[in-house]
Amino acid sequence: MWLGANMSHEHEDANLEPSDDVLEVDIIIGRLIDGEATDADRARFERLAALEPAAWRRLALQQADRDHLARAYERATAAGTDVELPVRAAPRRIGSSWSAAAAWAAVVVLALAWFATAQRDDIVTPDEALARYREAPFIENEFEPLILETKEFEDGSIGVRFMRRFEESLWMSPEMAREHFDRERGRFGLDPSEIRAEQGDIAPPVETAEPGL
Amino acid sequence: MDGAQTETDLVVRAQAGDLDAQQQLWRQHRRWVAAIVLAHRPRGIDVDDLMQDVAVKLISRIETLREPEAFRPWLRQIILNVCRGAARQLKPTLSLSGAGTDDGDDRRDAIVPVSAEPSVDRTVGTPDVADRLMRQAMTLPAEYREPLLLRCVRSLTYQQIAAILELPVTTIETRLARARRMLREELGDEFAAGLST
Chain A
0 MWLGANMSHE
10 HEDANLEPSD
20 DVLEVDIIIG
30 RLIDGEATDA
40 DRARFERLAA
50 LEPAAWRRLA
60 LQQADRDHLA
70 RAYERATAAG
80 TDVELPVRAA
90 PRRIGSSWSA
100 AAAWAAVVVL
110 ALAWFATAQR
120 DDIVTPDEAL
130 ARYREAPFIE
140 NEFEPLILET
150 KEFEDGSIGV
160 RFMRRFEESL
170 WMSPEMAREH
180 FDRERGRFGL
190 DPSEIRAEQG
200 DIAPPVETAE
210 PGL
Chain B
0 MDGAQTETDL
10 VVRAQAGDLD
20 AQQQLWRQHR
30 RWVAAIVLAH
40 RPRGIDVDDL
50 MQDVAVKLIS
60 RIETLREPEA
70 FRPWLRQIIL
80 NVCRGAARQL
90 KPTLSLSGAG
100 TDDGDDRRDA
110 IVPVSAEPSV
120 DRTVGTPDVA
130 DRLMRQAMTL
140 PAEYREPLLL
150 RCVRSLTYQQ
160 IAAILELPVT
170 TIETRLARAR
180 RMLREELGDE
190 FAAGLST
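Residue numbers (numbering that gives the first Met the number 0), protein chains in the order written: chain A, 0 to 212; chain B, 0 to 196.
No wet-lab data here; the hints were simulated from the structure. Everything numeric in this text was worked out from a predicted model, so none of it was measured. Some clues are possibly wrong.
Covered stretches of chain B (chain A as the covering partner; in silico rule of three or more C-beta atoms under 8 Å from a C-beta of chain A) [said to hold, decoys possible]: (1) 43–57; (2) 133–147; (3) 151–158; (4) 176–187.
Beta carbons: idealized from backbone N, C-alpha and C, even for Gly.
Modelling step: build the complete structure from the supplied sequences, incorporating the hints.
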């Protein structure tokens, strides 16, 4: 059976246009192993191989190379081909909007939309989950990763341990603040994600002259 | 309705903000996007990180595409820009570790090898044939590397590769033939054992 006998399309022009240093047979072999060969290509290869039997070996080698390379390619891009589109195109930056009630209202709307979308879609990889987290409306900024440690291994590879840093915002109702916020120490009694889950759809805070608690 | 028309319609819908069309468009094209990313990524940056950036750019800029029929070459240009941008950002990011300081001792290359090799299998001491071929492929000039990696994407025909790279099909064939010959000449009979003459 011919290698690459699956014909995906007919070439409009069966004539080959090999340039100076590319042999005609290389192009025909390429068509054969890529499933692009026409009947004319196969007939041509048979004629060439009859004159030079080594062409069969070249065909076999090229076929093997192609299969090996395709396998390596699959491995190298496995994670990349699972990447999904982000929920929103560009990260929203609300900046220093602590004093803007209107901005808070926008945050509420976007947060609800984000949660709804995040819960609807499947998250496949950690990087995908992180990408979605970056899009969340409570993310104010992301900082450059901070490299904590690099380590060289015996095989020459290098391990890098680093920290990713994000600036988040949240708000609490007066009742929640009394229950969960230690004003003196500036600490939460709950994890921020739990506070966000508990706050539900409470109204945005009223603008104050001193936004800090 | 032919395939090209369907794709153009999809692009137009995506430009209009149709989220389903955007998702469909991305899923249809991300396999070859990965090939271009792999061909042009800077050393030390993972394919999936760049893919994420490409996905963001695709959605945020698709409205700027003037000719929906030219979606593929447009997307390829986005990928190239993302890869170039990542290369520019590589140094400041790594400089946080103290490497590449003003003393002229640029140690970036000492950190980069974590993902510098094409193979994702970094646990094996001796690379297998596939890894060796991929490593060799990554040393080819970009004009050969790109079609060679695109050809690794199943179901991508010569004509589709030609459309992405905006080149004639005959040029794609010639470059593929040259690339494969260069690979084989570099590897010699190393991996030919077991093949009968």
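Hint-by-hint comparison with the structure:
no.: 1; hint: 43–57; verdict: holds (count 10)
no.: 2; hint: 133–147; verdict: holds (count 3)
no.: 3; hint: 151–158; verdict: holds (count 6)
no.: 4; hint: 176–187; verdict: holds (count 7)
The earlier numbered hints are all upheld by this structure, with none contradicted.
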